[in-house]
Amino acid sequence: MTWLLLAEAGVPEGGLFDLDATLPLMAVQVVLLTFLLNALFFRPVGKVVEDREGFISTSRADAKQKLAQVEHLEADLAEQLKAARQAVQSVIVDAEKEVDGLYREALAQAEAEANRTKEESRRGIEAERESARAQLKGKVDQLSSTIIDRLLAA
Amino acid sequence: MALMPLSLPFAKLEVGHHLYWQIGDLYLHGQVFLSSWILIAILLAFVLVGTRGMKRDPIGLQNLMEFLWDFIRDLARDQIGEKYYRDWLPFIGTLFLFIFVSNWGGALIPWKIIELPEGELGAPTADINTTVAMALLVTLAYFYAGLSRKGLRFFELYVEPTPIMLPFKIIEEFTKPLSLSFRLFGNILADELAVGVLVYLVPLIVPLPVMLLGLFTSAIQALIFATLAAFYIGEGLHEAH
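Taken in sequence, the protein lines are chains A and B.
So for the first sequence, numbering that gives the first Met the number 0 puts the first residue at 0; every next one is plus one.
So for the second sequence, numbering that gives the first Met the number 0 puts the first residue at 0; every next one is plus one.
For reference, chain A alone in the conformation it holds in the complex (with noise of 0.2 Å):
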């Protein structure tokens, strides 16, 4: 290992205090590799966690819009789910009276209907017994002409 050894005869005393030339080529060896880091580590890294970090914030907001639209589209539709169940109960609760008009009107006609013929076959039932009792008292009044008659003959 004495290839090492570049210095020749005569290198100074050393000691723990010793600075010398070490100090400036160090310094400028801690720069440069400031500069390799920073292109190897620093920036490399740097932008995956912050490519990251702007994905997941992107996405977040993303997903908060997505959920407030659909909040928004279920508020909607339960509006509208409301709206259609009213309509529902106004149909059928129109239709009900409806169909009771319907019947009560069928039922007050029905209703007529058979007063009327009653009344009719009544009314005729009462003229014919008319007319029979009339033409039975003319037969009557006949016969009894014609008893007198005979009798007032004999």
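Calculated directly from the structure, the hints in this document are not laboratory data.
There may be inaccurate statements among the hints.
Said to hold, decoys possible - Think about it this way: if two alpha-carbon atoms lie no more than 16 Å apart in a straight line, the pair counts; the simulated EDC-like pairs of lysine to aspartate or glutamate are:
#, chain 1, residue 1, chain 2, residue 2
1, A, Lys46, B, Asp69
2, B, Lys54, A, Asp50
3, B, Lys149, B, Asp69
4, B, Lys54, A, Glu52
5, A, Lys46, B, Glu234
6, A, Lys46, B, Glu119
7, A, Lys46, B, Asp86
8, B, Lys54, B, Glu65
9, B, Lys54, A, Glu12
Unchecked claim - Here are the in silico distance ranges between beta carbons for each label pair:
#, chain 1, residue 1, chain 2, residue 2, range
10, A, Leu39, B, Ser147, 23 to 29 Å
11, B, Trp36, A, Ala38, 14 to 20 Å
12, B, Lys111, A, Phe34, 29 to 35 Å
13, B, Val201, A, Leu31, 39 to 45 Å
14, B, Val196, A, Val27, 33 to 39 Å
15, A, Leu31, B, Glu81, 41 to 47 Å
All C-beta atoms in this analysis are idealised placements derived from N, C-alpha and C, irrespective of residue type, glycine included.
Assemble chain B onto chain A, guided by the hints.
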């Protein structure tokens, strides 16, 4: 000292010995660069493997990478603020990762296997040059952040809340890098020395708790350095009201 088993391959303390490299008239601590290159290579390999084929739904190592990134981002954001932390995230993160890898690598990798002609491999942060270099970078970053953001009005912070603070604030500019560098250097070196001395005396089991404590303080030191660096930069950027 003659009773000590100095011939054993482990358990030999070397403090203040450096493997000197010479460039012109300048001397370098070779062992610091060797270990830092190995550790940087490990760090880069780990990062390369971890960031390969990243997806939006993370799997495997990507989770760890993102955890690390998230941790560093939180650190930088807490200290610097939402508005500017992006510009400084790589710097703070690099400080944290480099110090953490250096500290743990210094403690966990069996450096003694690689024998150097002089000095020994270890945590690069146990050398004062490394920590001073990083502390000065933090000071530079602090001034750059403040001046580029506020221009000369940046210096208003020296007289806030009252001009009486001026001398203290000026002293603070010197104590900041001093405390940053010496805290890290002292902690890591002391940890290595404590483990070294214990291993020297009792090679088995006994040093383990100290080693674990060393790992703990190493991680804490990386966190402290990065947090303070972010705090200083945030202070430079701070809106004065």
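Now the hints, each set against the structure:
1. A:Lys46 with B:Asp69: 12 Å, holds
2. B:Lys54 with A:Asp50: Within the cut-off at roughly 10 Å; holds.
3. B:Lys149 with B:Asp69: Status violated; Cα separation ~29 Å.
4. B:Lys54 with A:Glu52: 13 Å, holds
5. A:Lys46 with B:Glu234: 27 Å, violated
6. A:Lys46 with B:Glu119: This hinted pair is violated, its Cα atoms lying about 41 Å apart.
7. A:Lys46 with B:Asp86: 14 Å, holds
8. B:Lys54 with B:Glu65: 11 Å, holds
9. B:Lys54 with A:Glu12: Given that 16 Å is the threshold and the Cα spacing comes to 54 Å, the pair is violated.
10. A:Leu39 with B:Ser147: 23 to 29 Å: 26 Å, holds
11. B:Trp36 with A:Ala38: 14 to 20 Å: Given range 14 to 20 Å: holds, Cβ gap about 19 Å.
12. B:Lys111 with A:Phe34: 29 to 35 Å: 33 Å, holds
13. B:Val201 with A:Leu31: 39 to 45 Å: Since B:Val201 and A:Leu31 have Cβ atoms about 42 Å apart, the given range 39 to 45 Å holds.
14. B:Val196 with A:Val27: 33 to 39 Å: 34 Å, holds
15. A:Leu31 with B:Glu81: 41 to 47 Å: 29 Å, violated
Of the numbered hints listed earlier, those contradicted by the structure are 3, 5, 6, 9, 15.
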